[in-house]
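Q: Under the working numbering, the first residue of the sequence shown is numbered 259, with each subsequent residue one higher.
Be aware that a few hints might be false.
What follows is a set of in silico ranges between Cβ atoms, one per label pair, in the way DEER data are often shown [unchecked claim]: (1) T410 <-> S292: 44 to 52 Å; (2) A404 <-> A324: 33 to 41 Å; (3) L268 <-> I386: 33 to 41 Å.
No wet-lab data here; the hints were simulated from the structure. A quick note: this is a predicted structure, and the numbers were derived from the prediction, not measured. Beta carbons are placed, not taken as given, at the ideal position from N, Cα and C, and that holds for glycine.
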Amino acid sequence: MENDERFMRLAIREAGKAVKRGEVPVGAALVDASGTVIGRGSNSPIAKCDPTAHAEIIALRKAAKALGNYRLGGTTLYATIEPCAMCLGALLQARVRRLVYGADDPKAGAVRSIVRFPIEKTNHDLEIRGGVLSEECGLILKEFFAAKRRRTR
Numbered sequence: 259m260e261n262d263e264r265f266m267r268l269a270i271r272e273a274g275k276a277v278k279r280g281e282v283p284v285g286a287a288l289v290d291a292s293g294t295v296i297g298r299g300s301n302s303p304i305a306k307c308d309p310t311a312h313a314e315i316i317a318l319r320k321a322a323k324a325l326g327n328y329r330l331g332g333t334t335l336y337a338t339i340e341p342c343a344m345c346l347g348a349l350l351q352a353r354v355r356r357l358v359y360g361a362d363d364p365k366a367g368a369v370r371s372i373v374r375f376p377i378e379k380t381n382h383d384l385e386i387r388g389g390v391l392s393e394e395c396g397l398i399l400k401e402f403f404a405a406k407r408r409r410t411r
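Could you build all of it, start to finish, from the sequences and the hints given here?
A: In structure tokens, the structure reads:
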């Protein structure tokens with residue numbers, strides 16, 4: 259699972275781009291079966307004035323456009339935080355093979371934190387691995403929100 263850590267570091271770099279724009283620091287990268295990055299994204303709902311502009315959705319859109327196909331079978335999505343229900347649903351619709359995420363999201367996570375999306379009841383198998391570089395991924399979020407609280411005081 260050495261590749262999981264390598265690609266998670268790429269997602270962490272994407273999260274850093276969101277921080278620079280004042281967005282919640284979530285990053286994602288979509289990788290094909292050969293290990294080629296085919297889509298990446300960082301949270302952008304504020305900049306794009308789009309509530310669906312989550313890092314995962316942006317990575318999926320870029321990959322689908324690059325491949326000319328909305329089906330992204332055989333791919334792995336790396337996300338710095340546990341996906342929300344919208345993003346998890348999009349992964350299933352796109353037929354992503356694996357989801358690898360870093361930190362749990364106790365406020366909106368749909369894998370095991372809040373919703374526990376019933377993936378086993380869908381027509382697609384999604385392999386999930388959570389907790390990859392979770393401390394680093396969680397620290398980015400903690401530092402972002404701590405700095406935001408300091409600015410509002």
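Q: Against this structure, judge whether each hint is valid.
A: We went through each hint and held it up to the structure:
no. : hint                      : result
1   : T410 <-> S292: 44 to 52 Å : holds, 46 Å
2   : A404 <-> A324: 33 to 41 Å : holds, 36 Å
3   : L268 <-> I386: 33 to 41 Å : violated, 19 Å
Hint compliance for this structure: hint 3 alone is broken.
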